[in-house]
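Please model the complete structure; the sequences and the hints are all you need to start from.
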Amino acid sequence: MLRTLRQFSSIFHRVPLRSFSGAVEVTPKDDILKILHSESRDIFRNVAIIAHVDHGKTTLVDALLRASGCANEYDSMDSNALEKEKGITILSKVTGVTFGGNKINIVDTPGHQDFGGEVERIMSMVDGVCLLVCATEGPMAQTRFVLQKALQSNLKPIVIINKVDRPSARPVEVEHEIFNLFCDLEAPSESLDYPLYFCSGKEGWVRKGSMEAEKQGLEDVLETIVETIPPPQIGTESSFKMLVSQQESHPYYGKIVIGKIHQGEIKLNDKILAVDQQGKLVETAKVLKILRRYGMQQLEMARAVAGDIVQVAGFTNAIVTNTLNEMGKNDVIPSIPIDPPMISVSIGVNTGPLAGKEGTKLNAQQIKERLMREGQSDVALQVMVKDKSDDSACVQLLGRGDLHLAILLENMRREGFEMQVSPPQIVTKKCPDTGKTLEPMEKVTIEIDQQYMTGLIDKMSQRKAIYEDCINIDKTRVKLIFSAPTRGLVGLRAELINDTRGTAIMQQQFLGYQEYRGTLKKNLKGAIISMAAGVCQGYALEDIQKFGPLFVKPGSKVYVGQVIGEHKLEQDIEVNPIREKKLTNVRTVLADEKISLFPPKVFTLEDVIAYIRDDELVEVTPKDLRIRKKELDSTLRKTQRKNQSK
Numbered sequence: 001m002l003r004t005l006r007q008f009s010s011i012f013h014r015v016p017l018r019s020f021s022g023a024v025e026v027t028p029k030d031d032i033l034k035i036l037h038s039e040s041r042d043i044f045r046n047v048a049i050i051a052h053v054d055h056g057k058t059t060l061v062d063a064l065l066r067a068s069g070c071a072n073e074y075d076s077m078d079s080n081a082l083e084k085e086k087g088i089t090i091l092s093k094v095t096g097v098t099f100g101g102n103k104i105n106i107v108d109t110p111g112h113q114d115f116g117g118e119v120e121r122i123m124s125m126v127d128g129v130c131l132l133v134c135a136t137e138g139p140m141a142q143t144r145f146v147l148q149k150a151l152q153s154n155l156k157p158i159v160i161i162n163k164v165d166r167p168s169a170r171p172v173e174v175e176h177e178i179f180n181l182f183c184d185l186e187a188p189s190e191s192l193d194y195p196l197y198f199c200s201g202k203e204g205w206v207r208k209g210s211m212e213a214e215k216q217g218l219e220d221v222l223e224t225i226v227e228t229i230p231p232p233q234i235g236t237e238s239s240f241k242m243l244v245s246q247q248e249s250h251p252y253y254g255k256i257v258i259g260k261i262h263q264g265e266i267k268l269n270d271k272i273l274a275v276d277q278q279g280k281l282v283e284t285a286k287v288l289k290i291l292r293r294y295g296m297q298q299l300e301m302a303r304a305v306a307g308d309i310v311q312v313a314g315f316t317n318a319i320v321t322n323t324l325n326e327m328g329k330n331d332v333i334p335s336i337p338i339d340p341p342m343i344s345v346s347i348g349v350n351t352g353p354l355a356g357k358e359g360t361k362l363n364a365q366q367i368k369e370r371l372m373r374e375g376q377s378d379v380a381l382q383v384m385v386k387d388k389s390d391d392s393a394c395v396q397l398l399g400r401g402d403l404h405l406a407i408l409l410e411n412m413r414r415e416g417f418e419m420q421v422s423p424p425q426i427v428t429k430k431c432p433d434t435g436k437t438l439e440p441m442e443k444v445t446i447e448i449d450q451q452y453m454t455g456l457i458d459k460m461s462q463r464k465a466i467y468e469d470c471i472n473i474d475k476t477r478v479k480l481i482f483s484a485p486t487r488g489l490v491g492l493r494a495e496l497i498n499d500t501r502g503t504a505i506m507q508q509q510f511l512g513y514q515e516y517r518g519t520l521k522k523n524l525k526g527a528i529i530s531m532a533a534g535v536c537q538g539y540a541l542e543d544i545q546k547f548g549p550l551f552v553k554p555g556s557k558v559y560v561g562q563v564i565g566e567h568k569l570e571q572d573i574e575v576n577p578i579r580e581k582k583l584t585n586v587r588t589v590l591a592d593e594k595i596s597l598f599p600p601k602v603f604t605l606e607d608v609i610a611y612i613r614d615d616e617l618v619e620v621t622p623k624d625l626r627i628r629k630k631e632l633d634s635t636l637r638k639t640q641r642k643n644q645s646k
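1 is the number of the first residue of the sequence shown in this note's numbering; add one for each residue after it.
Just so you know, these hints were derived from the structure itself, not from any lab.
Everything numeric in this text was worked out from a predicted model, so none of it was measured.
Each hint should be verified, as a subset may be incorrect.
[Stated by the list, open to error] Below, computed lysine-lysine pairings styled on BS3-like, alpha-carbon distance capped at 25 Å:
#1 Lys429 with Lys521
#2 Lys255 with Lys267
#3 Lys642 with Lys525
#4 Lys568 with Lys638
#5 Lys521 with Lys638
#6 Lys430 with Lys521
#7 Lys568 with Lys522
#8 Lys623 with Lys638
#9 Lys582 with Lys568
#10 Lys475 with Lys464
#11 Lys521 with Lys557
#12 Lys443 with Lys568
#13 Lys568 with Lys464
#14 Lys459 with Lys479
#15 Lys601 with Lys568
#16 Lys525 with Lys459
#17 Lys521 with Lys630
#18 Lys459 with Lys601
#19 Lys568 with Lys557
[What the hints assert, rightly or not] What follows is a list of derived Cβ distance ranges for each label pair:
#20 Thr604 with Ile481: 24 to 30 Å
#21 Leu288 with Thr604: 36 to 42 Å
#22 Lys357 with Lys430: 20 to 26 Å
#23 His176 with Lys357: 37 to 43 Å
All residues carry an ideal CB built from backbone N, CA and C; glycine is no exception.
And the structure:
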């Protein structure tokens, strides 16, 4: 039985929302309960919102929730702290609405390519997609990626061209570009006959078919979803079967596994089991709770039937890609293959002189357990224990990109972890025929002002990129196309933002594995290294800053071997940042001269991981990010350099 109606008063008693077709008709609460209790499989519609990053997916989902009357203007699907800070979706999220007597499950997905694994794994939960494209930018690299995955899964598409209210919008051209993209991906003929909307998700209106059509409310999109997206395909057997596509932690119920019920039904207190992709038993459990989303609310259900996307509590060891069965069954639902990771970093215990002073979770076992839990929920992440006999070695993380890994490490940092992170390395392969080393290669498209064109080509050539093409956009801007190794693109986005004053637009598209292009010199500038331990003094930093930009300020704690700045030249330099001004009894007119310092360079976690050199580590604590040499002793570093040069 559902919770009492009194508990849901915040859901049902909504002020009617304004729309361009009149006030939204909010379904009466009694009818909503009937729909949520219904056992009919034909009333379900499962749809995902897919698009390139920043094309407005979450804004559209929030608007659809408001249009259906089950969310208010202050609700948002992006509730994670990092999602709010960065303005991007990191985790795919499932919610549901009722419309026209149907249950519509809507999945909001990430748009950044580093979180493409989130998009791939939810394809098995839905039967159709809403492809969202910005009316200014048009189809981008991630648009192609997510559409290709949707077509491979035979999902029914609905195309929405968003942000048509912008002055720079070019909706008609973008419409042709989208159709050409479908043709390039060899979409079947039935997929080419897709419903088309011109939309302003922010304002909450759409035009169906053309820009000349009358403005309508977003409830028209919900109606098209019901008419276009087919009901979920379910098994003919009565036995319960469900593929786990997501998992999350609940403060009261513990681990919750999320997925679409492929056949049968599930009830409270049922005994069920989980098996892996090989059919081996993982765990048996009793169903403690069955939950489903309605708008921004989480509702408890007494039972759920095939076709619905639900959350099940009761398991402790079940993970993503596991199949849930009734007792006595070990059927396996094949999981959609996930593209392999391309970048890796090593995570270890913080061994610096300041270790243990800022964090609460310090030892190798705590770090390993946290990373192993993350590896169970994130299918695009691989966690490998490097050396079980050596706690300092800890684990190796393999992911889609530097942002993918940095988001995880930032979450751990906020949870109180201290750790050391190595420079990122590219995951290479051996060619089975020739034995040559292969590395991941990407197509890079960069849109910049013409004045930065020469410098960009030079920068890309240093990163082993090959110039492919140049397209003139207008009189002042050009689009440059390169093929580049993934390792050469680490940290490039931050450099482009600085070099072009934030005007560059960069897209990446994975091409495949190609022959290794040789050694890449990562950082052409040297490091300013502290030769003393203590507290930085403004008097000393004023003299040191002439060597290059600093990473510390007066009052910062430093230790021997810590990198406190970037040298203008290629070689490293050692300095004393804690030196104080000597006091004498000699009077001077310069005695009260003010100290003038430039602001220190502040790194984000993804920036600092991309920045460090091969002989350096990042010390990550809840309060600070520090760069240090792997070998803190200056004499030993010199000995190592001599041995390497022989």
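Checklist entry - Hint numbers the structure violates, sorted upward? => result 8, 9, 10, 11, 12, 22 and 23
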